[in-house]
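Chemist: Please work from the sequences and hints to get the whole structure.
Residue numbers (full-length UniProt numbering), protein chains in the order written: chain D, 1 to 227; chain Z, 1 to 437.
Simulated from the structure, these hints should not be mistaken for lab results. Positions of the beta carbon are idealized from the N, C-alpha and C atoms, including for glycine. Heads up, a few of these hints could be off.
What the hints assert, rightly or not - Example chain Z residues on the side facing chain D (calculated, C-beta under 8 Å, incomplete):
no.	residue
1	Tyr36
2	Ala37
3	Leu41
4	Ala44
5	Thr47
6	Arg48
7	Arg345
8	Leu347
9	Gly348
10	Ser351
11	Phe353
12	Pro430
13	Val431
14	Leu435
As the list claims (entries may be wrong) - Computed beta-carbon distance windows for the label pairs:
no.	chain 1	residue 1	chain 2	residue 2	range
15	Z	Leu27	D	Ser2	39 to 47 Å
16	D	Ser25	Z	Leu321	51 to 59 Å
17	D	Leu72	Z	Ser7	55 to 63 Å
Unchecked claim - Examples of chain D residues toward chain Z, derived with CB under 10 Å:
no.	residue
18	Ser45
19	Thr46
20	Ala52
21	Gly75
22	Ala79
23	Arg81
24	Ala82
25	Ala83
26	Gly86
27	Leu94
28	Ala108
29	Leu109
30	Arg113
31	Arg154
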Amino acid sequence: MSMSLSVTGLEVRSPRGRVLLSLPSFEVSGGALVGIRGPSGAGKSTLLYALAGLLERVSGSVRWGDTELLALGAGRRTAFRAANVGMIFQDFLLFEELDAPGNAGVTALFRPRAERAALRARAEAQLARLGLGDAQRSVASFSGGERQRVAIARAMAAQAPVLLADEPTASLDRAAADRLIDDLVTLARETGTTLIAVSHDLHLIERMDRVLTISDGALTEERSVTA
Amino acid sequence: MSDLWYSLPSLLQDVLKLALLLLPGLLVGAIALRGYAPWPLTRAILTRFRWSAVMFVALIAISVGMGIGLLAQERGLRRGTAQAADKFDLVVAAPGSELSVLFAAVYLQPSDMALLSGEVYDEIARNEKVAVAAPLAFGDSYGTSPLVGTTEAFARHLSDDKIEGRMWAEHHEAIAGAFVPLGIGDSFEPAHGIGEAAEDHAHEGEGLTVVGRMAPTGTSWDNALLVPVESVWEVHGLANGHAPEREEQIGPPFDPDYFPGTPAIVVHAEELWANYALRSEFTRDSETMAFFPGTVLANLYRVMGDVRQAMSVMALVTQVLVAASVLLGLFILSRLFRRQVALLRALGAPSRFVFAVVWSFGAVLLLAGAGLGLLTGLGTAALLSQVVTARTGILVTAPLGWAEIHFLAGFVSVTLILSLLPAALVLRQPVVDGLRA
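Modeler: This is the structure:
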């Protein structure tokens, strides 16, 4: 369950035509953990959204495995994302009125009926693994760390080979952030998930296999942490 | 085709009409929701924005309630006024406005009317086809209750002989309508005139005593005090309908020489055909007019029917405006949860699922508003009916009818279809803008 990424000539423009991001090329092997860092406004989140196929006015090539994402129409791009891409956001983006299993299994609601029970079961298993097995209450009462773990469970329950995380620890205190990093990295490695995480958090960046640094909308540095 | 339709029982027609009205909305719902289970998210969004949702439901309920209340109330009034005229088979009066006589005789609304002579009354009363010929005398009141002079036979006919206590036996005895706030044995002094212009002490020393109470008749007469017609004539200083040697007599026969005149005579015949014969007999140019109150009401309803059609068009326009407001409101509400929508799309939810969530959110609000509007409308109509009944004595009830059900079904169907638009517009919003909202 891993998926490689090949990006070539990626260019993202604003509605007025200004270039927001321009990356000549980079590749991520399947199952790799990649950190993306850079100053605020450099285009890190834009890159993440472009890799998820969420942006318009994107040119170039974003190839996930054998699939050229930018060549897909909106519907097929959505279907590709549902099957292959899990997402984690800085401010969690949960449905506050649902409980932890409801949030972790929310994607079951739009899956084919036959897959729903299995996905919910996986969501509950992920929650249990992340220490939230008995949290049957509204996530509105959860701490930031608990909420982000619910978001991880949501992403992992879908068994997506790719996990895109946008500042996953930015809203957490240090202790909660460290625990989350442990959980995220462990789960990704165990499942062979390709993890691309945008973050300012050095604790997270240090745990990644590779680090891309983006500045002024362009890839200005690439280095391997472990190298 | 229309022949087939009209050959169906009316209940089946109403049920089919309801089904046809609901069908578009149900079809839209079935198509929008097919294969998905959006309800947990719909519930979550409703809970999250509960106060906005409550406001929206309340606005829909008020607009729907007004429509339903008006429909039910209008029908209730029509039925109530028609039923109130049931006991008035035929009314004979001096030529003039049938409507004025109808309002005065049946609904006891004060009106200036020419009087019929004793000879005319005598001729009617002596007609072998006539079972009851009751002269009426108006002009006095007690509190908000008009005092009506009439005959024992008519009082018994009006109340189906359901009179608690006893019938009057003296000139100064009265029978109270069911809603008159006087008990048997109570005495009162009538005022001259009715309403604000009434002179309270004009009939000092002319006290009357209530000796009986009529069961509710569902007519304006439930608010009235009935007295022997002789009593009304006497307190106004007129002859009392009988020669001096028989001045203590109560009720017919009246002596034409001592008959002061009556604005209307209510006639009841045992046979239906006889009423038609009597109407022809007593419809005489420049002398008398005879009419069926039911016919006058039917004509009135026909005229009002045109007004109703105009009102229906206005109501339709209003509902279109309401529907447009609903549409705008739904779009504004959907902006509240654009992050949730963007999240679903980022997680790979198909457009139709997101569409189903947004549409079902609107549908729940619309259905809740429509349901609450139905209750509001019926409650308002019931309240208004009570007020009208209390003020006029006419028994007005406004139960739920097919017209209201059809109105509601049409509104629900149209708005369910219209709420597709905000759902579609939500899908056009950029996902990333929503995520960053």
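Chemist: Compare the structure with each hint and give your call.
Modeler: Verification of the supplied hints:
1. Tyr36: 6 Å, holds
2. Ala37: 5 Å, holds
3. Leu41: 6 Å, holds
4. Ala44: Check passed: Cβ of Ala44/Z comes within 4 Å of chain D, closer than 8 Å.
5. Thr47: 4 Å, holds
6. Arg48: Arg48/Z check passes; min Cβ-Cβ to chain D is 5 Å, inside 8 Å.
7. Arg345: 7 Å, holds
8. Leu347: OK, holds: Leu347/Z within 8 Å of chain D, min 6 Å.
9. Gly348: Since chain D brings a Cβ to about 3 Å from Gly348/Z, closer than 8 Å, the hint holds.
10. Ser351: 7 Å, holds
11. Phe353: With a minimum Cβ separation of about 4 Å from chain D (threshold 8 Å), the hint on Phe353/Z holds.
12. Pro430: Holds. Min distance 7 Å.
13. Val431: The hint holds - Val431/Z has a Cβ within 8 Å of chain D, the shortest such distance being about 5 Å.
14. Leu435: With a minimum Cβ separation of about 7 Å from chain D (threshold 8 Å), the hint on Leu435/Z holds.
15. Leu27/Z <-> Ser2/D: 39 to 47 Å: 45 Å, holds
16. Ser25/D <-> Leu321/Z: 51 to 59 Å: With a Cβ separation near 58 Å, Ser25/D and Leu321/Z satisfy 51 to 59 Å, so the hint holds.
17. Leu72/D <-> Ser7/Z: 55 to 63 Å: Since the Cβ atoms of Leu72/D and Ser7/Z sit about 58 Å apart, the hinted range of 55 to 63 Å holds.
18. Ser45: Hint holds; Ser45/D Cβ to chain Z Cβ min 8 Å, cut 10 Å.
19. Thr46: 8 Å, holds
20. Ala52: Holds: closest Cβ of chain Z sits about 7 Å from Ala52/D, inside 10 Å.
21. Gly75: 7 Å, holds
22. Ala79: 7 Å, holds
23. Arg81: 4 Å, holds
24. Ala82: 3 Å, holds
25. Ala83: At 7 Å from the nearest chain Z Cβ, Ala83/D passes the 10 Å test, so the hint holds.
26. Gly86: 8 Å, holds
27. Leu94: 8 Å, holds
28. Ala108: 8 Å, holds
29. Leu109: 5 Å, holds
30. Arg113: 7 Å, holds
31. Arg154: 8 Å, holds
In terms of the numbered hints stated before, the structure departs from none.
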